[in-house]
Amino acid sequence: MIALLRRHASLMVIAAIGAAAAAALWQKRGSGAVFEALTHAWDLFLFIAPSLLAGLLLAGALRQLISPGALARWMGADSGWFGLVVATLAGALTPGGPMAAFPLVLVLAGAGADRGALVAYILSWGLNGFQRLLIYEVPLLGPEFTIMRVLVTAWMPIIAGWGARRIPIAWEPTR
Amino acid sequence: MTGAQAFLWVLALVAMGLCARRGAIPARKAVAETGQSLAKILPLFAVALPMAAFLAELVPADAASAWIGPESGLSGIAVGAVAGGFMPGGPFVTFPLVIAFAKAGAGVPQMTALVTGWAIYGIHRIITWEYPVLGWRFVALRMLAGLPLPILAGVLAELIDVVVPITLGRP
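Listed in order, the protein sequences are those of chains V and C.
According to our numbering, the first sequence is numbered sequentially starting from 1.
According to our numbering, the second sequence is numbered sequentially starting from 1001.
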C-alpha cells in the first residue's frame, strides 16, 4: 500500500496542480484557452516522443549490458580522486529514473564503494544523467543551455564526494 | 527529427544490436523493460504536460523578471535554487515549467540554478525515494556535501552568459 502510494504520489500531486490551473485558466479566459493549452501540450509531446522512445530503448539495452557492481571495486574508501572520478562517470552513465538509481547505490555500497563515492555517484546521476539530458533537457531547453549547464556542473560531484568523505556522518546501508 | 534525436536513435540501435549479439534472452528483456518504462512514464506525461501548459498560460508575460530575471543577480540565483528544490516532480514536470518561467522573463543563470537546485535539493525525490531506500543519514550527508553547488552553478552560468550569450529553448 505504501509502495503503491509512493509510486503514484507525484502523479497525484501533478494532477491536483494541473486541475487547479485548468480551473483558474477556464475562469479567467474561457474554455478556448484551456483547449489551446492542451494543444500546446500535445505538440510538445509529439516533439519529445521520438527521443523518449529511443532513450528508453537505450536504457533497457544498457541495463542488460553493464553490471555496475563491477565498477565498485574502484570506488572504495582508499580510492582517492580516481574513485570519485569513476563514481562521477558511472553516475552520468546510469540510465533510468530514481526507481533504478537509488537501489543501485545499495548495490554499489554492498560491492565496496565508500560514502564519498556514493555521494558523487548519485549527485552525478541527478545532475547529468545522460538519459535525462538526451530525452528531456536537449529537446526542451535546447542544446546551448544543456551543454553550458553540463560544463558548469560536470565536475561538482567530484568535489562533493571529496567533501562527503570529510563530513563526520557515518552511513551504513540499511538493507 | 533533430540531430540530437537521430544521435539518440543510433545509440539505442547499437546498444540493442549488442544485446541481440549476446542472445535472444537479453534482447527480449531489454525490449520488455522498455515497454514497462513506457507504461510508467506515459501516465505522468498525460498529466504533467497539460499542467505545465496551463501554468504557462496563467503566468503573466513579465511576472518572473523581478524575482528571477536576468538582472536579478545573486538573489535571483538563490531564489531559483530554492524554487528548484520545490519542483513537484521529475524532468517531465520541471523542464516544461522552466520553459514557462523563461517565457515569463526568467534569466539563464537563474534557470541554471533552478535546474541544479532541482537535481540536488529536490524534495519530492528525497521523500519518495532517497529517504525510504537510503535513510536520513545518507540524505543529510549528500545535502551537506552538495549545499553550495546550485548557487555556484548559477554564478558560473552568469560568468559564461556574459562572455557567450546562451539561449534557452528549442533549437
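Calculated from the structure, these hints are not laboratory results.
Computed from a predicted structure; not experimentally measured.
Yeah, the Cβ is synthetic: ideal placement off N, Cα and C, and Gly gets one too.
Don't take each hint at face value.
Between beta-carbon pairs, the in silico distance windows are [claimed, not checked]:
#, chain 1, residue 1, chain 2, residue 2, range
1, C, Lys1103, V, Leu46, 43 to 53 Å
2, V, Ala77, C, Val1163, 37 to 47 Å
3, C, Val1163, V, Gly30, 37 to 47 Å
4, C, Lys1029, V, Leu38, 33 to 43 Å
5, V, Pro173, C, Pro1070, 43 to 53 Å
6, V, Phe35, C, Gly1035, 27 to 37 Å
Looking only at beta-carbon atoms, does the pair C:Lys1103, V:Leu46 fall within the given range of 43 to 53 Å?
20 Å, violated
Does the Cβ distance between C:Lys1029 and V:Leu38 fall inside 33 to 43 Å?
Because 36 Å falls inside the window, the suggested range holds.
Taking the beta carbons of V:Phe35 and C:Gly1035, is their distance inside 27 to 37 Å?
Once the Cβ atoms are compared, 31 Å apart, the range 27 to 37 Å for C:Gly1035 and V:Phe35 holds.
Distance restraint hint 43 to 53 Å, applied to the beta-carbon atoms of V:Pro173 and C:Pro1070:
44 Å, holds
Cβ-Cβ distance between C:Val1163 and V:Gly30: within 37 to 47 Å?
46 Å, holds
At the C-beta level, are V:Ala77 and C:Val1163 separated by a distance inside 37 to 47 Å?
40 Å, holds
Violated hints amount to a single one, hint 1; each of the other numbered hints is respected by the structure.
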